[in-house]
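Protein chains in written order, with the working numbering: chain A, 814 to 1293; chain B, 1200 to 1553; chain C, 545 to 865.
Note that these hints are calculated values from the structure, not bench results.
Check the hints yourself; a few may be wrong.
Stated by the list, open to error - Distance ranges between label pairs, derived from CB positions:
hint : chain 1 : residue 1 : chain 2 : residue 2 : range
1    : A       : Thr1091   : B       : Pro1283   : 32 to 40 angstroms
2    : C       : Val729    : A       : Gly1115   : 32 to 40 angstroms
3    : B       : Gly1311   : A       : Glu1029   : 46 to 54 angstroms
4    : A       : Lys832    : C       : Pro563    : 43 to 51 angstroms
5    : B       : Pro1404   : A       : Thr1091   : 44 to 52 angstroms
6    : C       : Gly587    : B       : Arg1351   : 26 to 34 angstroms
7    : C       : Asp691    : A       : Glu1182   : 53 to 61 angstroms
8    : A       : Glu1029   : B       : Phe1390   : 20 to 28 angstroms
9    : A       : Lys1117   : B       : Ala1230   : 23 to 31 angstroms
10   : B       : Gly1311   : A       : Gly1115   : 53 to 61 angstroms
11   : A       : Gly1115   : B       : Gly1293   : 58 to 66 angstroms
12   : C       : Asp691    : B       : Arg1320   : 40 to 48 angstroms
13   : B       : Arg1358   : C       : Pro563    : 19 to 27 angstroms
14   : B       : Val1392   : A       : Glu922    : 37 to 45 angstroms
Just so it is clear, CB atoms sit at the ideal spot from N, CA and C, and this is done for glycine as well.
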Amino acid sequence: MRERLRATLSELLTSTTGKVGVAFLAVMVLISIYALTANPVDFGDRLWNNPAAWADNPKNVPPAWTGLFQSTRPVTHSVLEATEPTETRESTRFVERVYALDLDFPYDEAPTFTSFSLEDVTYQERPPSVSLEVARPDGRTVSLYRLAVPAPRAGESPPYSRYESTPFRVHLTGEPSVAGEAAAFLREEFGAGAQGGSLIGRVDEAVFGTPDAASESGFRPLQGEYRVLVTARFRDEADSIGRVRFVVGGSQFGLMGTDSLGRDLARGLVFGFPVALTIGLLTAIMATVIGTTLGIISGYTGGKTDIGIQRFSDVLSNIPLLPILLFLAFILGQKLWIVIAILILFGWPGMTIVIRSMVLQVRSGQLVEASAALGASRWRIMLRHIFPQMAPFVFAQMIFFTPAAILAEAGLSFLGLGDPSIPTWGQILDQGFRTGAVYVGYWWWVFPPGLLIVLTALTFVLIALGMERVVDPRLRTVRQ
Amino acid sequence: MSIAKTLAIRGATLVGVLFAVLVMVVVTLGATGFSDRMLTAIVNEEVRGLRQGLAQTIRDADRLEAALRDHRQELEASYGLDRPWYSRLPQMIGRVIRLDLGEARTLKTAEGSSSITALLRERLPRTMMLVTTASFITACLGLFFGVKLATRVGSRSDRVASLFAATSNALPAWWAGILLILLTYVILSTFGVRVFPPGGMYSAPPPEGGLPRLLDLLWHAALPVITLTLISVGSWTYVVRTMVMNTAQEDFVTVARAKGLPESAVMRSHILRVAAPPILTGLILGLASSVGGAILTETVFNWPGMGRLYYDAILSVDESVVVALTFMFTLIYVTARFTLEVLYIVVDPRVRYS
Amino acid sequence: MSLLEVSDLTLHYATRGSPVRAVDGVSFRLERGQALGVVGESGSGKTSLSLALMRLLPSNATGYGGSVTLDGQDVMALSNDEFRRQVRWRKMSMVFQGAQSSLNPVLRVGRQVAEPLMLEDGARKAQARERTLRLFDLVRLPREVADRYPHELSGGMKQRVMIAMSLALDPALVVLDEPTSALDVSIQAQMMNLLKDLKSELGISFIFITHDIALASDICDRIAVVYAGQMVELGSADDALTQPSHPYTQRLLGSIPRLASSEPPQFIPGAPPDLSEPPAGCRFHPRCPLAFEPCDRAEPPVAAVRDGHEARCWLLTEERP
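Okay, chain A solo, but in the shape it has when bound (with noise of 0.2 angstroms):
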């Protein structure tokens, strides 16, 4: 038997379609080996399905690479920190640190967004406070934001520990003080008249641009060389920052651009393929397993038992998956390893009906009949008699089965049946499909994951193909 499957191997790789469904499925499983090392297990508890992971991250943006096919140049989204004071001045009555983040700035817009956090503050007496300025390539200075942290609470005894495990965070962008301050700065330093209240939204236009009553939006970007400045005031030498960072928002983002949430949908597709494979082999081995076992039992047994396994497994069979899967996924609660098992329970039928047709035309073979005349017993003939006779064939039907496994798991995760605390592709093209994404154009949030679902099941398509010819022997000779 094992000749039998080497030989079975060996005819896959001389075709094409095998040789190219082989070379995906090893690129797949390699990239699901790096997906398991490089993201935890709870992957979809802790990081995906937790808005405060990707904060920082710009929404609804293309792939970084689409920037290569625009004529003006878009933001780069950079993300600035510092645990270490760039600078300290010391006076009697307190410590100052500035924390410098040097930005360059050469970009044809302004930033989607900006934001500040801060991270870690430790203090032994009085809380410190901390600004926020931003030095313009025009000399000019704007500033931006200003924060106390918060006093010690009753009861609290120091050192006094602040943001330690969810970081203080800012979005800039839409403060209505930051506003303010930047139209302050605006009237200050160009005498325009801005008003606060109508910056909310805008602020990074004016902090990274001057007033251009020609352009469109009033302002034009000015490029050049900044300085973010992080100035903490402390009461005492002990007193400290863990890390500041600045975020430029970019409008583009990574390999695959984000999703509503500022997901890195690289990050949610690259967890994807495990997960695909794990539906679809499991389902497909499952299935396999049961449906031969019961396929050669019933075609070699004969008798009730045949009757009574070929009426089940007709029935079985005979019954229209997806409203079914439908139901039982909703009714019996969205949790991966139940959608695998209801299509276990729905996949063995069919390849217990091929199995049997199989087998009954085995059974009849001069090896099986003089095993029995010597008196092997009925396990030992289905054993090592009929299922090696046909393991080329079971092997080739299980590939067969993945894609349909990957494909359901797929269509029930797009209506929303999906196991929420596994992110699949299914899911992550439903998000995109009920937020809209398709009919306001971003390819890359449906795009991606529909061409890794078409193309995980083409490859076992595409294997399936190559071993048709050891499948069907007519098939090796008709070819000229």
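With chain A fixed as given, assemble chains B and C onto it according to the hints.
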């Protein structure tokens, strides 16, 4: 075995399928406590409504509570909530089998009727229209190309077609639909032309008059029909090609040629005549399964058919609609299978006598 | 004038390697009302010869050529369409090997017999039906069989249907490809008697293709022995059977078990050659016990052994390459 017996066995199996599906659905609803929860919710709602009504007439709080308790017991008894779930089973199955499908809780027809039978009567034709149109186009195209390819097996066009067929096996209809919607968006944003609407069955508001209305319907149906055709025509062509190719290698085809029959007659009365039953099987099974698949395609195109209804019923947790529709989907599938058995007997004399 | 004159007929099949030379320069004549037996082992190209005559070429056929004159008409000059309209079934029909697979399983056999009648003669349905029923009489089948499907008939009945079918358009020549090999011996005898009767009653010519030289001699006037795509001996049935000239024919006869003889049957050593790479020189030389010097380097010429009896062997000629 006689025809009657063969048919009887197939019929019995298919009725078994119907029954099995019904039992499975109802037992799942009951055993998971889903049915109880739903009925309790309905009772609570009615009692709440009642409380408001009774509070006007019964001033005494204790009397009010007592009256409500009585009402609740009455309601629970009428819904069968006072009995275990499995005792409600036969009644529920019996009702569905008699096609006494009851009322939907929230879903309504365009006329505002919430009778499930009325809902089905409204939605089923829409789904059938979509699915049968697509199947018909697919069948014609597949037959045409399949026969063509069968005469040049191994050629470049044959290999391209095989690859296309393999790809479309891996292409889910709903994603193909999404792609087409995306494509119409791209065309709209670059050329400013709306080639096809992204979804729905009529424009809002629908145009007046018979013909404009029909054209509007066709315009809306075009994209779903194109999608369904696109994803099935490849594998369908391949099936026809393979069937025709296999049949063309049979000896009796050589005999037919030897008899001096022209190629068209050989193809028509010998090759296609023999390849027809399996081709027909493929067509009808494809049709039957695309009715189930309508749940996905209709969701993508927002087509208010039976599949969309099923999806809405599940989202709005409407137990009776879910049960009724699951039954209807199975019924359609089983009917298609049975039609197939009968047709097979008509077209293939071998089945009649074996 | 002979009914059929074939000269240098060839039919090769393309494969991945060199072409298979299934029919390689075959020449013979057949007189009206006579039967020619074509005898050879399986794989010797007998069936290809019949396909070449009927121009039923598989898709991988190459090197189809030679000259065939049927009833005074050069049929090789006809286009495919003309050949189909003028020759097939009207002048030359065929009974195929394996009646089981030669009948369309989903059509009533009567219709399959009537098909060429309806198509070519433009005959009315009733006339075609009448003719079909008479054909069934002729092959001694009950008339009601016409309304049955192939799977309802026995092997012998199906073979009779095939024969009736071949007679539909009154052809002058019928090619019979192993018409009895799938039948039980008793049915085989009935079939041979039927064929003999048809031959004498209707005056049809037969080409009777078989691996059984004894069976061929039962009905045939002349016998051609083919080996590896070539005709190695051609002569009257009596001569071929009693005074075979070619070593292959001699071995072939020696391999038939005989009841009356004490000699055990002799088998021909070796296997028929691969037709894509036939041996150089005489194709039989690797298996021939009498092979000598010229046999492995030059193809033997056709030598006239007696009047109307020829064979292709270096032993029978004085010529040397």
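Exercise for review: Given the range 40 to 48 angstroms, decide if the beta-carbon distance of Asp691 of chain C to Arg1320 of chain B lies inside it.
Suggested key: Cβ of Asp691 of chain C to Cβ of Arg1320 of chain B: about 46 angstroms, so the range 40 to 48 angstroms holds.
Review point. Would you say the C-beta atoms of Lys1117 of chain A and Ala1230 of chain B sit inside 23 to 31 angstroms of each other?
Key: At 29 angstroms between Cβs, range holds.
Review point. Does the hinted range 46 to 54 angstroms hold for Gly1311 of chain B and Glu1029 of chain A at CB?
Key: Since Gly1311 of chain B and Glu1029 of chain A have Cβ atoms about 49 angstroms apart, the given range 46 to 54 angstroms holds.
Exercise for review: With 32 to 40 angstroms as the target window, see if Thr1091 of chain A and Pro1283 of chain B comply at their CB atoms.
Suggested key: 39 angstroms, holds
Point to revise | Satisfaction of the hinted span 26 to 34 angstroms by the C-beta atoms belonging to Gly587 of chain C and Arg1351 of chain B | key: Holds, at about 29 angstroms.
**Study point:** Hint check for Gly1115 of chain A and Gly1311 of chain B - Cβ pair distance inside 53 to 61 angstroms
**Key:** 59 angstroms, holds
Exercise for review: Using the Cβ atoms, figure out if Pro1404 of chain B sits within 44 to 52 angstroms of Thr1091 of chain A.
Suggested key: For Pro1404 of chain B and Thr1091 of chain A the Cβ distance comes to about 49 angstroms; the hint holds.
Check your understanding: How does the Cβ-Cβ distance of Arg1358 of chain B and Pro563 of chain C compare with 19 to 27 angstroms: does it lie in that range?
Key -> With Cβ atoms ~24 angstroms apart, the hint holds.
Point to revise | Status of the given 32 to 40 angstroms range, CB of Gly1115 of chain A versus CB of Val729 of chain C | key: 35 angstroms, holds
Check your understanding: Are Lys832 of chain A and Pro563 of chain C spaced within 43 to 51 angstroms by their CB atoms?
Key -> 30 angstroms, violated
Review point. Within 53 to 61 angstroms or not, the Cβ separation of Asp691 of chain C and Glu1182 of chain A?
Key: At 40 angstroms between Cβs, range violated.
Exercise for review: Evaluate the given range 58 to 66 angstroms for the C-beta pair formed by Gly1115 of chain A and Gly1293 of chain B.
Suggested key: 37 angstroms, violated
When held up to the earlier numbered hints, the structure conflicts with 4, 7, 11 and 14 and fits the remainder.
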